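Could you put the whole structure together from the sequences, leaning on the hints where they help?
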Amino acid sequence: AQSVTQLDSHVSVSEGTPVLLRCNYSSSYSPSLFWYVQHPNKGLQLLLKYTSAATLVKGINGFEAEFKKSETSFHLTKPSAHMSDAAEYFCVVSYNDMRFGAGTRLTVKP
Amino acid sequence: SQTIHQWPATLVQPVGSPLSLECTVEGTSNPNLYWYRQAAGRGLQLLFYSVGIGQISSEVPQNLSASRPQDRQFILSSKKLLLSDSGFYLCAWRLTGGNEQFFGPGTRLTVL
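Going line by line, the protein sequences match chains A and B. Taking my numbering, I'd label the letters of the first sequence as residues 1 to 110. Taking my numbering, I'd label the letters of the second sequence as residues 111 to 222.
Read the hints as simulated data drawn from the structure, not as lab findings. Quick caveat, the model's predicted, so the values are computed rather than measured. One or more hints might be untrue.
Far from chain A, some chain B residues (derived; all Cβ distances over 12 Å) [what the hints assert, rightly or not]:
1) Q116
2) T138
3) Q148
4) S194
Stretches of chain A that chain B covers, calculated by requiring three or more beta carbons in the stretch to come under 8 Å of a beta carbon on chain B [claimed, not checked]:
5) 30-43
6) 46-60
7) 101-109
Simulated restraints, written as ranges between beta carbons of each label pair [said to hold, decoys possible]:
8) A:M83 to B:R218: 22 to 30 Å
9) A:T72 to B:S130: 37 to 45 Å
10) B:Q123 to A:S70: 33 to 41 Å
Idealized CB from N, CA, C, for every residue including glycine.
Right under this line is the structure:
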């Protein structure tokens, strides 16, 4: 069985400050892990993915995530938030099927 | 390259009316296809998935149904809509044996 927990339902940062969106997973096997972003009334866009290669994964728009097996975590970070980063972010674990986290809404204040 | 289309983009329907949402994928063959729903303030709920023509698996019992009449076409239907069917419906595809899913632009359904 596999599952994913996003530890914060809402994160608020100021523009230009770092972003940290936390995700913990549970899987009996070596999973693939993803972060997706969803802007209002839009579909989900893949930000980045981990598939058992390098543990530090770089994605689009300056985001990156680090796979830490010992902590069963896959946190998403960005050094400096931009107003356009405001959106809903989903952490996903995949083995035979995909399990989505509940989502974290990121607000960026000017 | 592959693209996925959904229509309509928005829909307002009265309670008890029928529903048909369509999803089509271009540029790939024999994809796995998925229907998700996002209700207000909630995450994604997997409704149906299909691994081939005519093969539909339902994740949650409800008054919705799905069909796959062609390899790259996935339809979500209802005979009588309920208020609780309101939400944002997303179609997605994945290559057989692949890892990530690719999502369509979604359909906003409001049932009044």
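Non-conforming hints, listed in increasing numerical order = 1, 3 and 10
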